[in-house]
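J.: Taken in order, these protein sequences are the chains called A and B. Going by my numbering, the first residue of the first sequence is number 1, and it counts up by one from there. Going by my numbering, the first residue of the second sequence is number 1, and it counts up by one from there.
Be aware that a few hints might be false.
Unchecked claim - Sample of chain B residues at the chain A side, in silico, Cβ under 7 Å:
hint: 1; residue: PRO127
hint: 2; residue: GLY131
hint: 3; residue: VAL254
hint: 4; residue: LEU265
hint: 5; residue: ARG287
hint: 6; residue: VAL298
hint: 7; residue: MET299
hint: 8; residue: THR309
Treat the hints as calculated values from the structure; they're not laboratory data. Bear in mind the structure is a predicted one, so any value in this text is a computation, not a measurement. We treat Cβ as the ideally placed atom computed from N, Cα and C, and that holds for glycine.
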Amino acid sequence: MAIEGVDLVKAAALLGAGLSMGLGAIGPGIGEGMAAAKACEAIGRNPKEAGLLTRTMLVGQAVAESTGIYSLVIALLLLFVV
Amino acid sequence: MDLDPQTLTKAAAFTGGAIAMGLGAIGAASGEGYTAGHATEAIARANDRAGDIIKNMLVGQAISESASIFSLVIAILLLFLSTPEPGVLKAASLFGAGLCMGFGAIGSGVGAGLPAGKSCIGIARQPAVGGRLTTNMLIGTAVCQTPAIFAMVVALLLMFKEPGTTAASPTWAALIGAGLSTGLAAIGSGYGGGMAAGASCEGVARQPDTAASVTTTMLVGQAVSQTPSVFGLLISFILLFKAFPESAALSDSVGLLAAGLCMGLGGLGPGIGNGMVAEGAVRWVARNIENAGDLMRVMLVGQAVSQSTAIYAMVVSLVLIFVV
Numbered sequence: 001m002a003i004e005g006v007d008l009v010k011a012a013a014l015l016g017a018g019l020s021m022g023l024g025a026i027g028p029g030i031g032e033g034m035a036a037a038k039a040c041e042a043i044g045r046n047p048k049e050a051g052l053l054t055r056t057m058l059v060g061q062a063v064a065e066s067t068g069i070y071s072l073v074i075a076l077l078l079l080f081v082v
Numbered sequence: 001m002d003l004d005p006q007t008l009t010k011a012a013a014f015t016g017g018a019i020a021m022g023l024g025a026i027g028a029a030s031g032e033g034y035t036a037g038h039a040t041e042a043i044a045r046a047n048d049r050a051g052d053i054i055k056n057m058l059v060g061q062a063i064s065e066s067a068s069i070f071s072l073v074i075a076i077l078l079l080f081l082s083t084p085e086p087g088v089l090k091a092a093s094l095f096g097a098g099l100c101m102g103f104g105a106i107g108s109g110v111g112a113g114l115p116a117g118k119s120c121i122g123i124a125r126q127p128a129v130g131g132r133l134t135t136n137m138l139i140g141t142a143v144c145q146t147p148a149i150f151a152m153v154v155a156l157l158l159m160f161k162e163p164g165t166t167a168a169s170p171t172w173a174a175l176i177g178a179g180l181s182t183g184l185a186a187i188g189s190g191y192g193g194g195m196a197a198g199a200s201c202e203g204v205a206r207q208p209d210t211a212a213s214v215t216t217t218m219l220v221g222q223a224v225s226q227t228p229s230v231f232g233l234l235i236s237f238i239l240l241f242k243a244f245p246e247s248a249a250l251s252d253s254v255g256l257l258a259a260g261l262c263m264g265l266g267g268l269g270p271g272i273g274n275g276m277v278a279e280g281a282v283r284w285v286a287r288n289i290e291n292a293g294d295l296m297r298v299m300l301v302g303q304a305v306s307q308s309t310a311i312y313a314m315v316v317s318l319v320l321i322f323v324v
């Protein structure tokens, strides 16, 4: 089976998009889970500060999310731009 | 090298069977080891209750074992099933079935071991609630098994799919992708569900009067932990049942394979993350029951954020299947 160069490049880009988003989703998923687990612990210990703790959790998770968004951007670039 | 269809199909079935059982043995064995370790520790603390602890250990291990029994069944079917319609598509679906069941059994096996171990420790600590602990463990481990059951369903669908007159390319890639999607996504959900169940067994033993709230929080947390494997199942069904137009281009095939890999890998992290959140929330509901409402709310918010990357992965998978 002869594979044309253009076809091979497109195949690599699609595989890359899938791997980028798939692997890139693992870290944020686990990291954000750790943050929220600790937030539950903190609220359990000090329920009066629930508002502050929830806010802190969300800010921390937003930062952890960033690499997931980078992966999404790279996946979309591979799918539609390059 | 040209293989005749029968040889190719048999080779794929045997490789798939070996993968199903080889990978499928990892989770259950680790989970059961964890349980046995905790049971030993529990007996050292309270050797007069060794009988109850061993009984609980064996029940827990039996459930943990079920994930690898699913793998065994699929592996045996792959080895001995007759293949009336051999060909590239049959080979791909048998290989995909093996991948799906092998990966899919890992999380549920490990996950089911966690509540079993924690409930053994719990019986040593609070023998009076032994029955409640065993019930709680059974509910928790049963939910842990759902991702492995999803994997078995997809594996069976793949094995008994009739290729008919469908062209080999690009459907072969869709079939392997379907196996990878559910199989890999099940790892995270199975393990995550186990973390929540483990914390609830610990919590019931620590504060028996909070058992109702602890079990409710566990079930909600586990349900959310299962969603990545439901996404995986959804992508598998689309890949299995959508008709793909014939195309000799490599990129069309690779795109479908990538869709399965993307959803499978992408479901892994959020499944574990959601389980961690549920573990934290369940543990603290037991210790601080007055704030159960706040804890449940924070758990759900935290899980929703942790879930987001699984949703990105699903979007990219759907784009790979339907758009490009």
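J.: Among the hints numbered above, which are violated by the structure, and what are their numbers in rising order?
T.: Violated hints: 1, 2; rest satisfied.
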